[in-house]
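**Q** Given next are the chains, with one letter for each unit.
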Amino acid sequence: MHNRASLILSSAVALFAAWGLVSAMSWPLKAKLFPLVVGIPLLCLAIAEIIYSLRDKSTEPPRDIPADVERHRSLVAAGWILAFFAAIVLLGFDIAVAVFVFLYLVIQGKERWIFSAIFAAATWALFYGLFDRLLHLPFPAGWLLELLGFG
Amino acid sequence: MLDAFLQGLLLVLQWKALAFMLFGVALGFWVGLLPGLGGATTLALMLPFVYTMQPAEAFAFLLGMHSVVTTTGDITSILFGVPGEATTAAIILDGHAMAKKGQAGRALGAALTASLIGALIGAAALALAIPVVRPLVLTFGSPELFMLAIVGLAFIASLSAQGARGMVRGFLAGGLGLMLAMIGQDPQAGVARYTGDSLYLSQGLDLVPVLVGLFAIPEIIELVVRGTSIAGGLPSQRVSSGALEGVKDAFRHIGLTLRCSLIGTFIGIMPGLGGSVAQWLAYGHASQSAKTPAEREGFGKGDVRGVLGPGAACNSKEGGALIPTIAFGVPGSTAMAILLGAFFLLGLVPGPDMLSQHLALTFSMVWTIVIANVVTVAVCFLLLNRLAALTTVRVSLLVPVVLVLVFVGSYTANSQYADIVVTLVFGVVGWLMVRAGWARAPLVLGLVLGKIAENYLYISVDRYAAAWLGRPVVVVLLVCAVAVIAYPAIQGWRAKRAARA
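Chains R and B, in that order, are what the protein sequence lines are.
With the first letter of the first sequence counted as 1, position 126 gets the number 126 in the numbering used here; the numbers rise by one all the way through.
With the first letter of the second sequence counted as 1, position 343 gets the number 1343 in the numbering used here; the numbers rise by one all the way through.
Chain B extracted, bound-state conformation (with noise of 0.2 angstroms):
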């Protein structure tokens, strides 16, 4: 196992196997950067160039490329509010809004250091858990996934806001994401469910041109009406002083980025959950971590635990997905699945054949992510100072390129015109729910969730009737469920008394 674990180290650091991968590193670099151009998108236009390679180069270059793009996708979506991935949308809420403070170096340097860990335990985690993953993923059927959903979606609605009312905006919030995830084709029947009989709605509502406009839109008027830069016109030392105190936030709560790290690689593993669901999920446990509902109010605001959570997340994912892909020939992913097309490619078989006979090379992959995020993460605190000094960049300069990237990026997912008309109206959408106190994430996280959820929940009916309800993982995710709605209750209550005292 040693020996194969440092052969695949060999394998990685081969002259070709690496300038393959750092070219792949440079590649996803500018990929993440740029809204829209997604990292399943490039995967798919890269596939063709690894014919003729060798196997660890060619996984050194598409896994290179693909394990850097979030990194990178979180400074766009920190420092303009534009998710540069829809695996990093979450991010915003609150690294832009430490942007927005004069904090963008700090949360880059957050974002980064979580990022890092993230991979690092994703890689891990791939591993290590290669021979031990097989029994619990086949614990996990259509109903403890569909459970898995509920839960995530519970998460997130109920720390939405605060009190009742707050509540009832986040359910609402999660559910009008539910509902717009079923327009298009059902997939079930066949019916096409709202589609006013519109044939780019029956492919369903394309998840890159909702979330440009919910996220983009709002932050352009605001800058707009602001009328000054992104840090709101604080000079730019403060501005990209503080990564240094963004690396030690990742430490002083090691344990919370530890945690939404093992998240991250918990839903990357489960099969057809995706990446967007782990950030959400990530951002809900790292509110959740908050001790008093006064210190949860600060989450949206541009608390550091809302960029730690979903930072490391979304990288530790990768490794992840890997696991299922490498093991069972199950991709947990848009982009495993296409990673899986590079498996036939090059002549190999995902399964028990990648775990004993080409066990190096599993093992190379595993290298890959790391080298190739350690690569990344350096390169962009290098370059760090300048990055932050971007938000302070004056709005009249900001507001027209800003423009340009989130029409090429929202054209880009379908290369229709409809793809933008769904970015404006989701625009007004999203600006409508800023001036009216209601969270986002909820929304994303049912449109992410609802088509997943609608067809687990269809086939543990159609294949259990109504006894899945009382499987043992079905119960302990619906008690799950219950608790993360009523603790923010429960803890108000406490607070309430406390202060009575």
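Just chain R, with the same shape it has in the complex (with noise of 0.2 angstroms):
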């Protein structure tokens, strides 16, 4: 994984590189002089490491978790990284916030029902005290909530 995260990498790098150096040509100088000069070596950097990743054969030392447990782990934390922003898009923060700690404790957490509500309640309440009633920041209504008129 070690060196394929680092393949990986340094190609997104060299395409983001080719892609900036190619896009920059058709740009003034004043426009394009910072670019070039940090454009050019990137890209040089990430082919070097890419060739040094193809080459190296060194495999990453062993973890305490097996490596399929940790990667379905990783997946279920981005699945519920993502939940949450699906969340805060369709509900709005208001509603995402303690629908989330909620499902998150009870699901993920294996917590109790009655302590998770009671949890979820007061990290809504923080939230909302601090964020929305006291420091005034703007939280939009979730796009469902605006769809079905009550945004």
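Hints are computed from structural coordinates only; laboratory data are not their basis.
Note that the Cβ used here is the ideal one computed from N, Cα and C, for glycine as well.
Warning: the hint list may mix true and false statements.
[Claimed, not checked] What follows is a list of derived Cβ distance ranges for each label pair:
id : chain 1 : residue 1 : chain 2 : residue 2 : range
1  : B       : Val-1428  : R       : Leu-90    : 54 to 62 angstroms
2  : R       : Pro-138   : B       : Arg-1386  : 44 to 52 angstroms
3  : R       : Val-37    : B       : Leu-1047  : 35 to 43 angstroms
4  : R       : Lys-57    : B       : Ile-1490  : 25 to 33 angstroms
5  : R       : Lys-30    : B       : Leu-1478  : 20 to 28 angstroms
6  : R       : Arg-112   : B       : Tyr-1051  : 48 to 56 angstroms
7  : R       : Ser-26    : B       : Phe-1005  : 19 to 27 angstroms
8  : R       : Leu-90    : B       : Gln-1054  : 47 to 55 angstroms
9  : R       : Ala-117   : B       : Leu-1244  : 21 to 29 angstroms
10 : R       : Arg-112   : B       : Asn-1414  : 32 to 40 angstroms
11 : B       : Gly-1227  : R       : Lys-30    : 52 to 60 angstroms
12 : R       : Leu-36    : B       : Ser-1198  : 46 to 54 angstroms
13 : R       : Ala-117   : B       : Asn-1414  : 27 to 35 angstroms
Combine the two chains into a complex, taking the hints into account.
**A** Given below as structure tokens:
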């Protein structure tokens, strides 16, 4: 994974640098000076790292957690993060915070319902009291609520 | 001079000014703890309230608030791996690594002590440097400031990992940061660069969502994967003990703490470089202080020197940044630009008047920085055990709360969903970087320095053509950059030779 991650990253950086250089060609000198100064060495370094990664046969030192368990848990964590983002966009921060915390505690944390409800309510109260009431930060209603006319 | 110095203290100790300062400190304390909500934003929010205040009260309030934000920002960074402030990201590398090893108390003790020392050095610099700093600032033109940015980048990139490949990765990350800094409208020709016709990207990438994604998302995934508390299931008394050890660490490495304080002050004085640069330069210097390559490998894995350096620099830069603001009306950072607004709101003009007619008021600012930091550090030490015990909270409770803070903190940068998308994208980048063994520090420094460096490079080329490369300070800084890159290689070669012998 060590080398694969490095290969993915360096390939992405190489593509980004190449795209950056090609895009910069059509700009006036003032705008393209710095992209060229940075982009050319960046592309060279990225290619060097790709070659290093492809030639490197060393393996990652063993970790405490088996690789398949680690992969599964990483995907679960990523899933929760994306689900929270989707909830924020669809329901808005006000509702998403309470719903997410409650569901995470019950499903992922295997906590009791009552405890989860109290903890979610406390987190929501902290969020609402601090960011909404005290600091007056603008949190829009979610798209779904706006669509239903509650926004 | 001494009279004005004491008068400044009396101004701050007047009950109204003191009360405003303590209120500001309390506000700054919480702002620092909350990720995303920056000290500069809060300063801007509080600016309208100073209209009715006397100048000494207004500066006690604003400076009291601003000067403690980074101190408490360090706490969030160390305990949760989420940058409490954009200026407290560097301390995560070793501070959070220490928290994960059950040394949260020691890391906090070290960070708070270094912060206090840094703040005192910054305040002393402000008090001493005002009459003599003018020639220094005037020596540094655009070419020198550009080279300073390059030295900073060389510093951090060369120290990120061992060997030739580590160096390649360090510069790769730094270069990526520089490229990312170019996203947005170019300041010289007005061309929209790498925006993909997105209105959000035309303003460039905001630092807060990038930092939160880069550091916090991989940390949350790691927490879920490990399935244990931050301190890895260590008993709470072990976590919170060691604060005194952290205090001792600051004095054990007092040379480093003082040097990093001076770095912070110096960067603070230089207009346009900003606080985010100071912490990374100090971190780079701290890792440079490692005597052997093996010792250097410990950086990023919980070396207390990686906490002391950024901790000291972050707070000392405030005193430094006030110097050009007060003396020349040239703000050293965004926060100082907002503070400059307060000067005009109160009918004061920065410049020679502040060093003669209003000298007592100027010294009252020095005293505010000192008193506010002493109060904050004392309160933090009182709460230290409770704060450190947070690292033993079980993961199922911690993850949802930290995620709420991450998303809210990221969203408040520009109040757009795109901020969260940026956080998620950089979360993936950060996770891949951790897995690939790439250092994240150079990327952040590249992003911070990119716009500044481009601006200074353009002015240098436009104003001096190639002649800027021959300016004495530029040459000295260029030699420094080369030495910084060559030093790890020489160190490695020496170690090999010693091993062979």
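**Q** All the hints need checking, so say for each whether the structure fits it.
**A** Right, here's what the structure says about each hint:
| no. | hint | result |
| --- | --- | --- |
| 1 | B:Val-1428 <-> R:Leu-90: 54 to 62 angstroms | violated, 22 angstroms |
| 2 | R:Pro-138 <-> B:Arg-1386: 44 to 52 angstroms | violated, 33 angstroms |
| 3 | R:Val-37 <-> B:Leu-1047: 35 to 43 angstroms | holds, 39 angstroms |
| 4 | R:Lys-57 <-> B:Ile-1490: 25 to 33 angstroms | holds, 29 angstroms |
| 5 | R:Lys-30 <-> B:Leu-1478: 20 to 28 angstroms | holds, 24 angstroms |
| 6 | R:Arg-112 <-> B:Tyr-1051: 48 to 56 angstroms | holds, 52 angstroms |
| 7 | R:Ser-26 <-> B:Phe-1005: 19 to 27 angstroms | violated, 59 angstroms |
| 8 | R:Leu-90 <-> B:Gln-1054: 47 to 55 angstroms | holds, 50 angstroms |
| 9 | R:Ala-117 <-> B:Leu-1244: 21 to 29 angstroms | violated, 41 angstroms |
| 10 | R:Arg-112 <-> B:Asn-1414: 32 to 40 angstroms | holds, 39 angstroms |
| 11 | B:Gly-1227 <-> R:Lys-30: 52 to 60 angstroms | holds, 53 angstroms |
| 12 | R:Leu-36 <-> B:Ser-1198: 46 to 54 angstroms | violated, 23 angstroms |
| 13 | R:Ala-117 <-> B:Asn-1414: 27 to 35 angstroms | holds, 33 angstroms |
Comparing the model with each earlier hint shows violations of hints 1, 2, 7, 9 and 12; every other hint is respected.
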